[in-house]
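Novice: Counting in our numbering, the sequence shown runs from 20 upward without gaps.
If you're looking for bench data, these hints aren't it; they were derived computationally from the structure.
Glycine included, every Cβ here is placed at the ideal spot set by N, Cα and C.
Be careful, since some hints might not be right.
Cut-off 25 Å, straight-line C-alpha distance, at most; resulting in silico cross-link-like pairs (DSS-like, lysine-lysine) [unchecked claim]:
| # | residue 1 | residue 2 |
| --- | --- | --- |
| 1 | Lys-84 | Lys-72 |
| 2 | Lys-31 | Lys-72 |
| 3 | Lys-31 | Lys-84 |
Pairwise CB distance ranges, derived in the manner of DEER restraints [claimed, not checked]:
| # | residue 1 | residue 2 | range |
| --- | --- | --- | --- |
| 4 | Asp-90 | Ala-144 | 25 to 33 Å |
| 5 | Pro-23 | Pro-123 | 43 to 51 Å |
| 6 | Thr-173 | Ala-110 | 29 to 37 Å |
| 7 | Leu-228 | Lys-84 | 23 to 31 Å |
| 8 | Thr-271 | Leu-22 | 28 to 36 Å |
| 9 | Glu-146 | Asn-81 | 26 to 34 Å |
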Amino acid sequence: MTLPVWPAAFPKTAQRDGYRGTAHQPHRRTEMDKGNARLRARSLGSPAEIELKWRFAGSRANDFKLFYENDLARGTRWFTVPLWFGGEHRAVPAQFMDRFTITPRAASAVTISTRLCVRRMPYDALEEGELDTFFDPQGRPVWPESLPEGPLRTGIDIDPHRPVLMTELEEGPKTKRDLFGPSPAAQLVQWSMSPAQFETFKAFYVEGLVWGTRWFMAPLWFGRSLDRVPVRFREPFAFEPRFAARVLVTATVEARRLPVIPPGVQALLAMMGAAGLSSLSGGIHDFVHETWPDDFGSEE
């Protein structure tokens with residue numbers, strides 16, 4: 020059956036202000052007393068959500084209401100509408116998730132706000148061999164080199180671990196007990212991407228990380244500089260327009276535990292500085308991987 024189509028007389032694009040998409044529905048997450056939570060996808064490719072606004076001329080507002088009431092059976096039917104997913108608008112099947120609201124904006128204009136459900140977040144098909152670039156030689160997912168080197172400093176919010184058990188006492192201070200040891204550290208991050216980078220990111224998220232359920236190596240900031248650590252998405256990422264031709268991607272990721280520099284390395288950093296310690300890395304590498312194995316082998 021042919022789906023109703025967004026009329027040509029209606030706005031061809033939604034307003035950039037207030038436009039926000041969510042990649043898919045949250046996965047099933049089971050928190051564990053110790054270690055990392057179990058994360059399971061409900062299904063591969065669950066519906067995406069789009070929050071948006073259209074600006075209508077006052078004379079067209081009634082046409083929209085008629086389209087909603089009659090063609091869409093009060094928003095219950097799927098229809099084809101152009102939506103933004105980081106680059107050019109795409110005509111995709113969508114359905115109203117909730118009722119719409121109408122707000123007067125000027126003498127002869129109104130804003131219609133709503134949320135739409137899209138069957139699956141679209142992304143460009145990968146070129147031959149591109150999927151291989153999402154993995155290291157051991158087959159582990161890694162942050163693609165074509166994506167931003169690190170997240171924006173603005174918006175970073177680090178939660179070092181899960182809440183520690185506390186016991187209320189009738190007298191005196193509360194008792195805190197860390198029964199299960201280190202727990203995952205969560206971080207709210209934002210990346211600013213070009214439309215081409217965002218297409219790569221979506222493909223990496225879907226095909227490399229199986230809709231965000233796999234762990235991967237990524238450069239993140241934990242207080243000093245960017246560290247490459249194993250992380251995983253805690254929830255679906257969100258995206259919205261940024262400036263003229265950028266995409267702002269927001270997500271919460273979790274590391275297995277908060278990265279901490281060992282006391283010995285911290286002392287060396289304080290004494291020699293990062294540049295001095297880096298100058299020794301070549302000699303240390305040669306000793307550990309070449310000199311020491313040769314000497315050890317000669318004793319046999």
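Novice: A separate judgement is required for each hint: does it hold in the structure or not?
Specialist: Results of checking the hints against the structure:
Between Lys-84 and Lys-72 the alpha-carbon distance is near 15 Å, which keeps this suggested pair within the 25 Å criterion. Simply put, Lys-31 and Lys-72 have alpha-carbon atoms about 12 Å apart, close enough for the 25 Å limit, and the pair holds. Annotation: proposed proximity of Lys-31 to Lys-84 holds, straight-line Cα distance about 17 Å (limit 25 Å). Range check, Asp-90 to Ala-144: about 32 Å between beta-carbon atoms, so the 25 to 33 Å window is met.
Between Pro-23 and Pro-123 the Cβ separation comes to about 27 Å, which falls outside the hinted range of 43 to 51 Å. Separated by about 34 Å at the C-beta atoms, Thr-173 and Ala-110 satisfy the suggested range of 29 to 37 Å. For the hinted restraint 23 to 31 Å between Leu-228 and Lys-84, the CB-CB distance of approximately 42 Å leaves it violated. Between Thr-271 and Leu-22 the CB atoms are about 34 Å apart, so this pair conforms to the stated range of 28 to 36 Å.
At about 47 Å, the CB distance of Glu-146 to Asn-81 disagrees with the hint of 26 to 34 Å.
In this structure, the earlier hints numbered 5, 7, 9 are contradicted, and the remaining ones agree with it.
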